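Engineer: Here's the letter readout for the chains.
Protein chains: 2
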Amino acid sequence: MPRGAKQRVKAALGPIVRQLLPRRAALEPAHWGLTVMPRGHLAFEGVSLAALREDWGSPLHVVLAERLRGNISEFLAINDAGRTRAEIYYSYKSNPIPGVLRFIHASGIGAEVISEYELWLALQLGVTPDRIVFNGPAKSVASVRDAVGRGIMLLNVNHREEIAVVESAARELCKRPRVGVRAAPSAGWSGQFGLPIGTGEAFAALKEVHESGVLELTALQCHVGGMVRCAHHVQGYVREVLALADRVKTELGVELAILDFGGSLATPTVAQIGELDRRLSITFQAPLPAPVPEATLPIREYVRCVVEQVEAHYAANARPCPRIFFEPGRAMTGNTQILVATVLSLKAGEPKPGWAILDAGINVAECARTEFHQIFPATRMHETRAHRYRLAGPICSPGDVLSWSACLPELAVGDALAIMDAGAYFVPFATSFSFPQPAVVMLEGAKVRLLRRAERFEDIVALDEMGEQYASN
Amino acid sequence: MPRGAKQRVKAALGPIVRQLLPRRAALEPAHWGLTVMPRGHLAFEGVSLAALREDWGSPLHVVLAERLRGNISEFLAINDAGRTRAEIYYSYKSNPIPGVLRFIHASGIGAEVISEYELWLALQLGVTPDRIVFNGPAKSVASVRDAVGRGIMLLNVNHREEIAVVESAARELCKRPRVGVRAAPSAGWSGQFGLPIGTGEAFAALKEVHESGVLELTALQCHVGGMVRCAHHVQGYVREVLALADRVKTELGVELAILDFGGSLATPTVAQIGELDRRLSITFQAPLPAPVPEATLPIREYVRCVVEQVEAHYAANARPCPRIFFEPGRAMTGNTQILVATVLSLKAGEPKPGWAILDAGINVAECARTEFHQIFPATRMHETRAHRYRLAGPICSPGDVLSWSACLPELAVGDALAIMDAGAYFVPFATSFSFPQPAVVMLEGAKVRLLRRAERFEDIVALDEMGEQYASN
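Those sequence lines, one after another, are chains D and Z. Just so you know, we're using my numbering here: the first sequence kicks off at 1 and counts up by one. Just so you know, we're using my numbering here: the second sequence kicks off at 474 and counts up by one.
Okay, chain D solo, but in the shape it has when bound:
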C-alpha cells in the first residue's frame, strides 16, 4: 500500500480504535502534591515549575525536597515501631546527583554503589565505610581492594568468580571483609546478575565464601528486578531468601547476619509500556494507559511486609532476627523529580496529529521511550486537553520521540511541559547528544537551590584537544 493510502486508513481507524480502548482515569497533579496556580501554571509549594526556567534555563530538572523527604520517612517509618529496623542504602546509579545523595544521606541512609566511581563518590560525600554496600557484576580489582581496605559494611559478590578477587584482597590486606552473595530468585532478573537459588549455585557460592577462611559470610542479597508492585510478589521472593538462609544455617552452621532485599519496588505512577500499547500508540495515537497508583504497594507497606515476614520466620524458629537491608532506587527518588521542558517548535501534520518539538528528548529522558511517564502542560493546566500531539525531542534521530499520543491543550512555542517521575534513571542515562545537559535544582519550600549547573558548550569539549594543528593544514 502506498504511504498516503496507508496513512489515510490509519487516520480513519484511529478514532474507532481509540473509542474501543478502555477508558483510564488520567493521573492528576495531586498525586504528586502539585497544584495549579490561577494563571494555569503547575506549581509545587506555590512555585511555578515553568517560571523556574527563567532563572535556570530549559530543560530543567526540579527535585522536590518535600516529596523526597516524604519517601525517606516512609522507608524509615518502621524504625519508630520498636521492631527490627529497616536499614536503607540508596542505589547511587538511579540518581547520582551529589545534592540529591547528600539530602538522602542526611537522614542516615547509606550508599549502595556498583562501581569504583560510585564508591569514590560516596566517600567524597562523607559517607562512612560502614554505611556503604558494594554490589554489581563489574567491580574492578582496585575497587575491591579499596573497599576491603576501608572495611565497608558489606560487599556482595555477584558471581562465584568474584570470590577469589575478594579473597585475594583480604589476604593481602590481612582483613576479614563482610561478604554477601547475590542470589537470583526463581522469578525476576537473572542473566548477568547473581546466582540462581533454584540450581543450587547461590548456595554453592555461599559455601565457598564461608570456607574461604578469610571472608566473613555475612549476607544474602536478592533483587527481583523490574518493577515490584504487590505484596504477593514480595512475599514470594522473601520466602525464597528465607529458605536459602535456613539452608545456610542448617548446612553451614552460619546464621546470616544480614538479609539484603535489594530494590525493585515500583514508582506507583510509572509503568513499562507494553508492546501492544506501544503499537496502538504509534499507529493510532491511542493514549498509553496510565498506571493505577493505588495498585502499587506503598513504600511503608512494602517495608513492613518484608520485615514482618522475616521477623515471623525467625520467631517461629526461635532464631535471632537478622539485620534487614533495602537498596531502593526508583522507589526512593523516582517520583520526587520533574523534568521541565519547553516547546521549541510545532510542526503540523496531516492527516496524523502534529508534532511538538521539545528541547528535551531521549538525550535527557531516555526512560520515557519504554516507560509511561505522565506529561503535564505546565503552562496551560486550566485548558481542556482536547488536542493530540506527538512529542519529539531535539536530536535528529527517528527514535527521539517521548510520546506518540499526548493529550494536551493547544500548544504554543515557549510552553512548558512537565515530564513526571524523572528522579530515577533519567540523569544517569543522559547524554550530551548535540545539546548540553540541563541544570538540576532543588525546590524546598519556596527556596530554590542549584544542585548541578547546566552544561555549557565549553564543558562538552572540556576533555578534548582543541589545538589548531589540523585547521591550519
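These aren't lab readings, by the way, just hints derived from the structure by calculation.
Here are some chain Z residues pointing at chain D (derived, C-beta under 8 Å): (1) R633; (2) W828; (3) P901; (4) M939.
Remember, predicted model here, so these are calculated numbers, not experimental data. Ideal Cβ positions, reconstructed from N, Cα and C, are used throughout, including at glycine.
Since the structure of chain D is already known, use the hints to place chain Z on it.
Structural biologist: The following block gives chain Z in isolation, referenced to the frame of chain D:
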C-alpha cells in the same frame, strides 16, 4: 513452565536451531585493514590495539586516521573527474569529537550542524560560515539569528513553521539568507523530519520561502534515513528530488542552486538487527548474521551514482547543473573507529553459555543494542573461536548486553575485545552511567595522539555543588 525446565528445553533446542540457520561468512580483520600480530594481537599499522590500553586505559576509542583519510578521499574522488563537484558537509552529531572533526575539515569538508551547540563547535574549530549547513527540527531562535547574521552557507528549514523564524531574523538583521527546505521522500523517514514530497507540503514550503521576499530560496534537502545500501534505492529518491526541483523551476521560476542529498549511506559492515535474529540470538544463542560488506554501495559509487543522475537530468533539460551537497555521518566515520574493551570478569552459566562482563556496555556502545557490530578477540586472534559468550556491560541494568551469542576463544580476565565500527553514534550516545567515559586516541602510522582524555571521577561531578550543608545536618 518453571524456569529450570524452560532453560533445559532451550538448551536442547539451541544446537538444532543453530545448525538449521544458514551459515554466513564471518567478517575478517582485513575488511578494516587490520592485521594479526605474531602473538595474536589485533593490530593496525603494526600497533596492537590491546596494548594501547596500557597508556590510555580501557575502554578506549581508537580512531584509525588512515581509514578516515580513505573514506574522505572516496567522498571527494569525483572532484578529480572534471565533472560536477560533490560538496561534503560532515554530520557533526554522528561523531562530535573535535579531533575527528578537525581531521575531516582539513580536507576541505564542511560542517553539518543541528543545534546551537554544534554551530558553536564548528565556529570554534575554525570552520568558516560558508562551510556550514544548519539543519534539524530544533533550531533555537538565537541560533537561527546567529546563523543568519554570520551568513552561513545554507539553512534548511525542517518544517513550515520554521520559515517565520528565519524570516524574522532576516528582516531584523537586514540579511537575505540562503534557505533550503527539508523534504521527505515517499520511502524513508518522515515523522518529525521534513515535509512530505507526495502530499505537496514540501512544495508549499518552498513556495513560501520563495514568496517571503527576504529569503533566498536556494536548496532542497532530502535524507532517506536509515541505512541506504543499493543504487536502486538511491536513484529512487534522487528521482523524487529532481522532480520536485523541476516543479520549483516550472511553477516558481526558480532554478534551485543546491540539491542537498543528506546522509543515510550505510556502513558496509554494520546492519540493523532484525527482530527474529534478535530473538534467536537471545533464546538460542544463534549468532547474528553479519552483513555482506560487498552488498553496500561503496562511497565512491554512491557519490557517482547521485552526481551522474543529477547531471544527466539537467543536461537532458539543457539547464545548468546545481551544486550537489552530501551530509555523510556513519558512512564517513562509522568504520574508522574501534572501541577496545576489557574483560573484567567471567561468570559461568549452566546450561546456557557463560557471561563475559566487560568494562564497556550500553553506556558507551548503545548502538550495539540494535545494530550488528563485529567483535574481535583482540588478544586471542590466533585461537579458534569455539566458545560462545554472552557479553554484558558493567552498568547493572538488564538491558546492558552487547551480545547474546559471541563466538570467541576461551576468554580470560584482562583480555581485550575490539568492538568494530564505533565511529558513528557511539560517542554521542555515551553516558557517564556509574562509569567514566573513555579516552579517544587517533592512530596515525605508528603515532598515537590523544584526542579526548578519559573522564576522571572529578569530571563527572564537575558541575555539581559538592558543599557540606547536608552532610553536617
